[in-house]
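K.L.:
Residue strings, one per chain:
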Amino acid sequence: MKTCIELRQDYQQGGFKLTERVEEMLAKIEAGKHLNAFIQVYADDARQRAAEIDARRDAGEKLGRLAGLFIALKDNMCMAGKRVTCASRILDNFISPYDATVVRKIQDADGIIIGKTNLDEFAMGSSTENSAHGPARHPMNPDYVAGGSSGGSAIAVAAGMTDIALGSDTGGSIRQPAALCGVVGLKPGYGRVSRYGLVAYASSLDQIGPFGKTVSDAALMLEVISGGDSNDATSAHVPVPAFSGYLDTTEKMKFGMPAEFFGDGLDDEIRAAIEALARRLEDAGHTVTKVKLPLTEFAISTYYIIATAEASSNLGRYDGVRYGHRTENAENLESMYVNTRSEGFGPAVKRRIMLGTYVLSSGYYDAYYRKAQQVRNLIKQEYDQAMEAVDVLLTPTTPGPAFRLGERLSDPLKMYLSDIYTVTANLAGIGAISIPLAKTENGFPIGVQLLASSFKEIRLLQAAQAVENLAE
Amino acid sequence: MKYEAVIGLEVHAQLLTESKVFCGSSAEFGGDPNSKTDPVVLGMPGVLPVLNTRAVEYIIRMGLATHCSIAPFSRFARKHYFYPDLPKGYQISQFELPFCSNGHVDVNTEARGQQRIGITRIHLEEDAGKSIHDTAIAGHDSLVDLNRSGVALIEIVSEPDIRSAEEAGQYLAKLKQLVTYLEICDGNMEEGSLRCDANISIRPVGDAEFGVKTEVKNMNSFRNVERAIAYEIERQTNIVESGGRIVQETLLWDANVNTVRSMRSKEEAHDYRYFPEPDIPPLNISEEWVDSIRAALPELPEAKQARFVQNYQLPEYNAEVLTATRSLADYFEKTAADCQDKKLASNWIMSDVLRVLNDTKTDISEFSISPEALAELLNLISDKTISAKIGKTVFEEMLESGGSPRKIVEAKGLMQISDAGALEKIIDEIIENSPSQVEQYRAGKEKIFTYFIGQVMKETRGKANPATVNEILREKLKGA
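Residue numbers (the working numbering), protein chains in the order written: chain A, 1 to 472; chain B, 473 to 952.
If you're looking for bench data, these hints aren't it; they were derived computationally from the structure. Built from N, CA and C at the ideal position, the CB exists for glycine as well. Do not rely on the hints blindly, as some may be mistaken.
[Claimed, not checked] Beta-carbon label-pair distances, calculated as ranges:
no.: 1; chain 1: A; residue 1: Leu413; chain 2: B; residue 2: Phe567; range: 30 to 38 angstroms
no.: 2; chain 1: B; residue 1: Phe554; chain 2: A; residue 2: Arg351; range: 14 to 22 angstroms
no.: 3; chain 1: A; residue 1: Lys350; chain 2: B; residue 2: Asp606; range: 33 to 41 angstroms
no.: 4; chain 1: A; residue 1: Ser230; chain 2: B; residue 2: Leu769; range: 23 to 31 angstroms
no.: 5; chain 1: A; residue 1: Gly443; chain 2: B; residue 2: Phe545; range: 28 to 36 angstroms
no.: 6; chain 1: A; residue 1: Asn93; chain 2: B; residue 2: Phe545; range: 37 to 45 angstroms
no.: 7; chain 1: A; residue 1: Asn93; chain 2: B; residue 2: Phe554; range: 55 to 63 angstroms
no.: 8; chain 1: B; residue 1: Glu490; chain 2: A; residue 2: Gln385; range: 45 to 53 angstroms
no.: 9; chain 1: B; residue 1: Ala610; chain 2: A; residue 2: Glu61; range: 17 to 25 angstroms
[What the hints assert, rightly or not] Chain B is nowhere near these chain A residues, computed Cβ spacing over 12 angstroms in every case:
no.: 10; residue: Gly64
no.: 11; residue: His133
no.: 12; residue: Gly197
no.: 13; residue: Ala233
no.: 14; residue: Ala259
no.: 15; residue: Leu281
no.: 16; residue: Glu310
no.: 17; residue: Asp319
no.: 18; residue: Gly320
no.: 19; residue: Val338
no.: 20; residue: Gly363
[Claimed, not checked] In silico DSSO-like links for lysine-lysine, alpha-carbon gap of 30 angstroms or less:
no.: 21; chain 1: B; residue 1: Lys738; chain 2: B; residue 2: Lys861
no.: 22; chain 1: A; residue 1: Lys380; chain 2: A; residue 2: Lys2
no.: 23; chain 1: B; residue 1: Lys806; chain 2: A; residue 2: Lys380
no.: 24; chain 1: B; residue 1: Lys861; chain 2: B; residue 2: Lys806
no.: 25; chain 1: A; residue 1: Lys371; chain 2: B; residue 2: Lys551
no.: 26; chain 1: A; residue 1: Lys350; chain 2: B; residue 2: Lys738
no.: 27; chain 1: B; residue 1: Lys948; chain 2: A; residue 2: Lys350
Chain A on its own, in the form it takes in the complex (with noise of 0.2 angstroms):
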C-alpha cells in the first residue's frame, strides 16, 4: 500500500493519469454503494478537475501539494454551487452559495474532491444510522455500524473510495469511526483548522480534521487545511509546520496511561491490545507510565450539557424562513416553526435540541450549563497537569469494536457512552489521534488513541507514526 505522499511523487513522476485514477475512484464508490458512505458523489467535476491537473502535470507546472490524490468531504462541510445536506431533512435541498476555508484550501492544493460522505445528523451521534439518507454500514460487514457521526469519510478511506477524507469531530466522531473501521483519525488541537463552513453543531467543541489510512496521510492532510482564518475568530494564528516531513524520529517518548480510562467498561480484547503495544513501545525504549485523570468520570456529562446547549442555539437558524425545508402544514407563523422543524429534524437532534434548550433555561442556567463550564476548566486544568509530565496520553478510543446497526439506537445513554474515552479532548481543547492497532477475534478492528496538548502536532504524530510501526 502505497502512502498519500508517495502517491504523489508517483504522479509527478508520470506514473499515472487522474483521468484514469478518477474512474477507479468513482468504480469503487459504485461497488460500495450498499455501505451508504456517500450523500453526493461528484463524478462529472472529478473527472473535469482530474483532467486540468493532467494538463497542468503534463504542461511541467509546479502542483500543489494533494495533486493526484482524491479527497472526501464530510457532508456538513459547504463548497460553492454544491448540497450541504447534513443528512437531515431540513437541509434538503439548501445550496451553499460558499466555499469552507478547507475546501478552498484543498482545492488550492490541487486535491480533488470526489463527493460528500454520510453522518450522523448534524454530525450529532455515533453510528452514522441518523441520517436522513440511511445508515452507513461497516465495510467488513454491512450488518454492522461503521461508527459516528463522520461514518461516511471513515468507510470511504477504508473501503478505498478516496485516498484521504475530512470529517468534523465534537466529542470523538473523527476518531471513534476511525477505530471502528480501521483507518487513522485526528482530531486537531482547537483552532487549529478553520471552522468557516463547517455547519456548527457545538461551536467550542467542533473542529476538523483528516481520516487516512497512515499516520502520514492524516499529517500530509493536517499541514494543508491547518492555519488562521480571518473567517473564524477562533482559529489560532500559529506557524504550521509541514507535519508530514517529521514523522520519522529515533527520540524515545514518554507516554501516560491514565487509569481512568482502563476501568469497568472496557472490552477485554481492546484492554488487552493496548496493553501488549504499552510492552511493544517499553521493548523499543520508551517510557510508559501511569498518570491519573480523575475528572474523567465527569467528563460525559460535562460534555453533554456544553454540546447540547451550543446545538440548540446553532440550529435555531433552521426554521423554514430562509432556506432548506419549511413545511406545507402551517396557519401561522407559530405552527410553520413548529411544523417546518418537527418535520425536518430527526429525534437524535430533536433530543439535543430539548436538552440543550432546557440546560439553557432560566432557573436551571447556573445549576447546569454554568457547572458544567465550571467542570470543563478544570479538565483542562488536569490535561495541562498530566501532559507536564509526559508527552502523550495513550488510552483506548472506544470501549468496543463495532457493534450491530440497530443495537443502541433505542438506548440513548449507552450509545452516549461511545464516546467515553474520545469527548475529553474536544473538551480541553487539545488534539487526539486514532491509530488502527489491532484487530478483534472476530475480524474487527480496534483502534488506540493518544493525545497531546494543542499545538504539539509534531509529538503527536510521532509518536502515532511510533505505534503505527508497532502494530500488529
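Dock chain B against the given chain A, drawing on the hints supplied.
P.N.:
Just chain B now, with coordinates in the frame of chain A:
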C-alpha cells in the same frame, strides 16, 4: 396622595460603521430589500461572526463620554428568540461583562434643576432585520428585509433616575447630542438610528420602594417619547387612584391614537437563554487602547460650552445654544474667527441663522451662507459700512442669490451715510417741512423724535448712520 414617576430608559443607537458588526456587508441605510446581505447576515449554515473592531472603538468612545468604567475583559452572549427577521434564532448581544458600566450624564431639568442620570451599562449588539406586514407591499404574506440585520447597535441602559416625561426628553436629547458629537451615530429617531424604550412605574412621593413597572416601546420621535411617557404615568396614576393594581407588561405606543396597547404580559415574556457566544473569543481591552481612544475624543458639549463662555465672553445661555450640535458650534467658531465682534456673531447665529434653519428644516451643515461670508457681513456692520438694519436686508439677499455681502452692498448702494454734511442737508429740509412736529417736540413731546428718525431713514432708504442722525437731530431740534 401624590405620586411620582420612576423611569429608566433603554436607548439603542445604530453605529456609523461602514460595515456591519460581524461581517463585511455594507451597513448603509436603505437600498433594495436584502441587497446588503451575505451568508453571515443571512445566517447560512457554517458561517461565523468576526467582530468589527471599529464598533468596539465607538462604544468605548460613548462609554468614556458618559463617564463609564470600561471593562478590561468583555464578551458577547447569544440572546435567543424566534422571529423571521432574526436570521440565526439568536441575536449576538452582551449579557455578563458589557463593554461599559456605571456611568452618568447630567441634564438640566425645569422641575428639578441639574440632575445626574446614572447609566447602568452600555453594550454592543447586532440589529435585527425588518418585517413588513403592510398589505399594500406584502399582500397577505409578511416580507423580511435583512438590510438592517447585523448593523452595529449600542444599547444604553439608564438607572431609574428619571422622574418625568420632560426629564426623559432631556436625557434622550443629551444622549443624541453625545452620539452626534462623537460621530458614532446620526441620532435620527425617525429613521430608527436612535430608538428608545421606557420602563415606567409610579410610587407615592417619599416611598423608597419601586412600584410595578411597565415597558413602553415603539416611540419613534422625541415628541412621542414625551407624550407616551406622560400618557403612561397618567394611566398608572388613574389605575392606582381608583384602587386598581398595575400589571407588569410590555406596551406599544400608538402615535396615531395617542394611546398604549398591550404587546405581551409578564407570563408571555421570553426566556432568552443567554449564554456566552462561543464563536467570538472574549476580548481583552488594554488600557493603552482606551487611552488612545480617550486622547482622540472630540471636545464634548460641556467642555465646549465652558470654553465658549471663557474665550468669547458669551452668556451661559448663548454658549449652550451654540454648542447644541457639533456642526453649529463649528459654524459659530469659524464665523467668530473672522469676525471683529464675537458677541455679534453669536447673536446673529442664534436669531437669524437658526430661524432660517428652523423655517427650512435644514441642518447647519447644509446652510447656504458660509461662516466666512457671514463674518464678512457682520464686519460690514461692525465697521459701520452698513447699519444693522441694512445688514438684515443683505442677509436675505445672500440667502437668495448666494452673493458676497460686500458685492451686494456695493451693487445696491447700501453703504451707510455717515457723512455729517450730507445728513445735515437732508435733516434741515425735513425740519423745514415739518413745522408742527418741531413745535410739538420743542413743547416737550419727546416721543415725536422717532418721527424725525423715520423721515431721515425714509429719505436715505435706511442707509443713514443712526448714531450720527441722532446726534445731528438732537442738536438741530434744540432750536436757535
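K.L.:
Each hint: holds or not?
P.N.:
Hint-by-hint comparison with the structure:
The hint said 30 to 38 angstroms for the Cβ distance between A/Leu413 and B/Phe567, and at roughly 32 angstroms that hint holds. Between B/Phe554 and A/Arg351 the beta carbons are some 20 angstroms apart, a value that agrees with the proposed interval 14 to 22 angstroms. The given range of 33 to 41 angstroms is respected by A/Lys350 and B/Asp606, whose C-beta atoms sit roughly 36 angstroms from each other. In this structure, A/Ser230 and B/Leu769 meet the distance hint of 23 to 31 angstroms, their C-beta atoms being roughly 29 angstroms apart.
Range check, A/Gly443 to B/Phe545: about 55 angstroms between beta-carbon atoms, so the 28 to 36 angstroms window is missed. Between A/Asn93 and B/Phe545 the beta carbons are some 44 angstroms apart, a value that agrees with the proposed interval 37 to 45 angstroms. The supplied range of 55 to 63 angstroms is broken by A/Asn93 and B/Phe554, whose beta-carbon atoms lie about 22 angstroms from each other. For B/Glu490 and A/Gln385, the Cβ-Cβ distance of about 47 angstroms falls inside the hinted range of 45 to 53 angstroms, so the restraint holds.
Under the hint 17 to 25 angstroms, the C-beta atoms of B/Ala610 and A/Glu61, about 54 angstroms apart, miss the expected range. Every C-beta of chain B lies more than 12 angstroms from that of A/Gly64, the closest at about 24 angstroms, which supports listing it as non-interface. Distance check for A/His133 against chain B: the nearest CB is about 17 angstroms away, which clears 12 angstroms, and the non-interface claim stands. The non-interface label for A/Gly197 is inconsistent with chain B: the shortest C-beta to C-beta separation is roughly 4 angstroms, within 12 angstroms.
Not every Cβ of chain B is farther than 12 angstroms from the Cβ of A/Ala233; the closest lies at roughly 5 angstroms, contradicting the non-interface assignment. With 12 angstroms as the threshold on Cβ separation, the claim that A/Ala259 sits away from chain B holds: the shortest Cβ distance comes to roughly 32 angstroms. Listed as a non-interface residue, A/Leu281 keeps its Cβ farther than 12 angstroms from every Cβ of chain B; the least gap is roughly 37 angstroms. Not every Cβ of chain B is farther than 12 angstroms from the Cβ of A/Glu310; the closest lies at roughly 6 angstroms, contradicting the non-interface assignment.
Listed as outside the interface, A/Asp319 is inconsistent with that label: its C-beta sits roughly 6 angstroms from the nearest C-beta of chain B, within the 12 angstroms cut-off. Residue placement check: A/Gly320 does not keep its beta carbon more than 12 angstroms from all beta carbons of chain B (closest about 9 angstroms). With a least CB separation of 10 angstroms from chain B, A/Val338 falls inside the 12 angstroms interface cut-off, contrary to its annotation. Distance check on A/Gly363: its Cβ comes as close as 9 angstroms (rounded) to a Cβ of chain B, failing to clear the 12 angstroms threshold; non-interface status is violated.
A C-alpha spacing of about 64 angstroms is found between B/Lys738 and B/Lys861, which places the hinted pair above 30 angstroms, so the restraint is violated. Taking the CA atoms of A/Lys380 and A/Lys2, the gap is near 38 angstroms; set against the 30 angstroms cutoff, the hint is violated. Between the alpha carbons of B/Lys806 and A/Lys380 the distance comes to roughly 62 angstroms, so the proposed pair goes past 30 angstroms and is violated. Proximity of B/Lys861 to B/Lys806 is assessed by CA-CA distance (about 23 angstroms); at most 30 angstroms being required, the pair is judged to hold.
Between A/Lys371 and B/Lys551 the CA atoms are separated by roughly 20 angstroms; this keeps the pair inside 30 angstroms, and the hint holds. Using a Cα cut-off of 30 angstroms, the hinted pair A/Lys350 and B/Lys738 holds, with the two alpha carbons roughly 28 angstroms apart. For the proposed pair B/Lys948 and A/Lys350, the alpha carbon gap of about 104 angstroms is over 30 angstroms, so the pair is violated.
The structure fails to meet hints 5, 7, 9, 12, 13, 16, 17, 18, 19, 20, 21, 22, 23, 27 from the earlier list, while all remaining hints are met.
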